[in-house]
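Given the structure of chain A, go ahead and fit chain B onto it with the hints provided.
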Amino acid sequence: MSNRSKQSSSKGPDKGAFPLDHFHECDNEAKQYNQCIQKHENMPKRCRKYQVDYLQCRMNNGLMEKEDLSKLGLGPETSWETEEQEKQFLFDKINRMKTKAMEEVQKKTEQSKQQV
Amino acid sequence: MFKLSKLFYSFKHSSRSNIQHNLSSFKKKRRQELLYNIGLYGAAFGCAFGAVPFYRLWCEHFGLEGDLDKKDYSMKGKKLDVFRKYHIEFGAETDPEANWEFLPVQQNVTVHAGETALVFYRAYNRNDKAVVGFATYQIFPEDAGLYFAKIQCFCFNQQLLNPKEELQLPIYFYFEPEINEDPLLKKCENIKVMYRFYKAKNQELAQLAENEYKTVKKNKMILQKLRDAKKTGAVSEGDLNKIKSTKFTDKEIEDFDEWAYDNPLEAAEAQKEEESKN
Numbered sequence: 002m003s004n005r006s007k008q009s010s011s012k013g014p015d016k017g018a019f020p021l022d023h024f025h026e027c028d029n030e031a032k033q034y035n036q037c038i039q040k041h042e043n044m045p046k047r048c049r050k051y052q053v054d055y056l057q058c059r060m061n062n063g064l065m066e067k068e069d070l071s072k073l074g075l076g077p078e079t080s081w082e083t084e085e086q087e088k089q090f091l092f093d094k095i096n097r098m099k100t101k102a103m104e105e106v107q108k109k110t111e112q113s114k115q116q117v
Numbered sequence: 183m184f185k186l187s188k189l190f191y192s193f194k195h196s197s198r199s200n201i202q203h204n205l206s207s208f209k210k211k212r213r214q215e216l217l218y219n220i221g222l223y224g225a226a227f228g229c230a231f232g233a234v235p236f237y238r239l240w241c242e243h244f245g246l247e248g249d250l251d252k253k254d255y256s257m258k259g260k261k262l263d264v265f266r267k268y269h270i271e272f273g274a275e276t277d278p279e280a281n282w283e284f285l286p287v288q289q290n291v292t293v294h295a296g297e298t299a300l301v302f303y304r305a306y307n308r309n310d311k312a313v314v315g316f317a318t319y320q321i322f323p324e325d326a327g328l329y330f331a332k333i334q335c336f337c338f339n340q341q342l343l344n345p346k347e348e349l350q351l352p353i354y355f356y357f358e359p360e361i362n363e364d365p366l367l368k369k370c371e372n373i374k375v376m377y378r379f380y381k382a383k384n385q386e387l388a389q390l391a392e393n394e395y396k397t398v399k400k401n402k403m404i405l406q407k408l409r410d411a412k413k414t415g416a417v418s419e420g421d422l423n424k425i426k427s428t429k430f431t432d433k434e435i436e437d438f439d440e441w442a443y444d445n446p447l448e449a450a451e452a453q454k455e456e457e458s459k460n
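Protein sequence lines correspond, in order, to chains A and B.
Those letters in the first sequence? Residues 2 to 117, per my numbering, in order.
Those letters in the second sequence? Residues 183 to 460, per my numbering, in order.
This is chain A alone, in the form it adopts within the complex (with noise of 0.2 Å):
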């Protein structure tokens, strides 16, 4: 336990701290990813637009390193279209495997009802 402890305390950001933004050039940026978040129950994954828009605004003004958005994970995989697609496969999946397992039950009962 004592091992991890010391691990876990103070590590720097990666990129270092972000400068801070005296001249609130990115603040309505700011402001229309709060109002987003809001809306979407605090999820910032549905408020990749806002986000990007924030951060290519502190690339623009000098505020932070410019950076591709793929490499910052921004990407068209880790999107909020991808996920609810992927929860639509796996429901349609349970869904199929359901209306499997009810055919064959009722196949069974009629064989045992047949048998019978």
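Hints were generated in silico from the structure; no laboratory data involved.
Any given hint could be a false lead.
[Unchecked claim] Covered stretches of chain A (chain B as the covering partner; in silico rule of three or more C-beta atoms under 8 Å from a C-beta of chain B):
#	region
1	14 to 20
2	29 to 40
3	45 to 59
4	64 to 78
[Claimed, not checked] Label-pair restraints from in silico Cβ distances:
#	chain 1	residue 1	chain 2	residue 2	range
5	A	G17	B	E448	34 to 44 Å
6	A	E68	B	Q289	23 to 33 Å
7	A	E68	B	L285	23 to 33 Å
Every residue, glycine too, gets a C-beta built ideally from N, C-alpha and C.
Just chain B now, kept in the frame of chain A:
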């Protein structure tokens, strides 16, 4: 007879030229050896330098990933469990000395491991003077803190807030996907992140900011005086230098309204409008 001819032969060829020939061949051999040596050491040195890009190419070719300069947050090779969500609460504490307002904008957020998320804190400096602060954080449960990776935040660095300034402080973070496999965190669904804002002991930055502000004001006052002087008429060099080196008291600097005489063009236009109205 033979021996005599041998003697005669050796006597003839053991002349100065023979010795010089031997010497020159000796020198040649040593020079060759020297060049070989230099070449060998140079090659070893060059290999040591060349190993760095070579290693990189090798790794790229065989697909071995390492911690290179630019870290990749796209989680390409890893399998993410998108449906196991963590409910993360954000809390804030301030130093009572500092007289700030420091609160999270989003009180809780739902993310899954490996997802990069942006969260804001809001800070407001109620003082009349600039203050330098320092933020640190704590995570409960502690075992989850191992997997909390920040891409960028406002912590571990002295931050200066101007008087009566309100700022949005962002945190850009993610939880590493390995958190899903930690046996101690199997039942963990709620994680709390607590930020604490301390007033930094050394307020040098604030002092610098204030001094800058004062010099800017002083320069504006001097400019105003110069413009006024030029309006009245031509001024000599001596008078200009005098005006440039006037000293103001602290009270005068504080009372000066810097927005009144900022843009002479605007003031002139405003005057013209007034005149045209009249």
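Original post:
At a Cβ distance under 8 Å, does chain B reach at least three residues of the region 14 to 20 of chain A?
Top reply: n = 6 at 8 Å, threshold three: holds.
Original post:
Does the Cβ distance between E68 (chain A) and L285 (chain B) fall inside 23 to 33 Å?
Top reply: holds (29 Å)
**OP:** Check whether three or more residues of the region 64 to 78 of chain A sit with their beta carbon closer than 8 Å to a beta carbon of chain B.
**Re:** Holds: 9 residues of the region 64 to 78 of chain A have a Cβ under 8 Å from chain B.
**OP:** Could you see if the CB distance from E68 (chain A) to Q289 (chain B) stays within 23 to 33 Å?
**Re:** Holds: the Cβ-Cβ distance is about 29 Å, inside 23 to 33 Å.
**OP:** Given that the region 29 to 40 of chain A was listed as covered by chain B, double-check it with a C-beta distance under 8 Å for 3 or more residues.
**Re:** holds (count 4)
Original post:
Lying within 34 to 44 Å: is that true of the beta-carbon distance G17 (chain A) to E448 (chain B)?
Top reply: At roughly 40 Å between Cβ atoms, E448 (chain B) and G17 (chain A) fall inside 34 to 44 Å, so the hint holds.
Subject >> Assertion that chain B covers the region 45 to 59 of chain A - criterion: three or more residues, beta-carbon distance below 8 Å >> reply: Coverage by chain B holds for the region 45 to 59 of chain A (5 residues, Cβ < 8 Å).
Of the hints listed earlier, there is not a single one the structure fails to meet.
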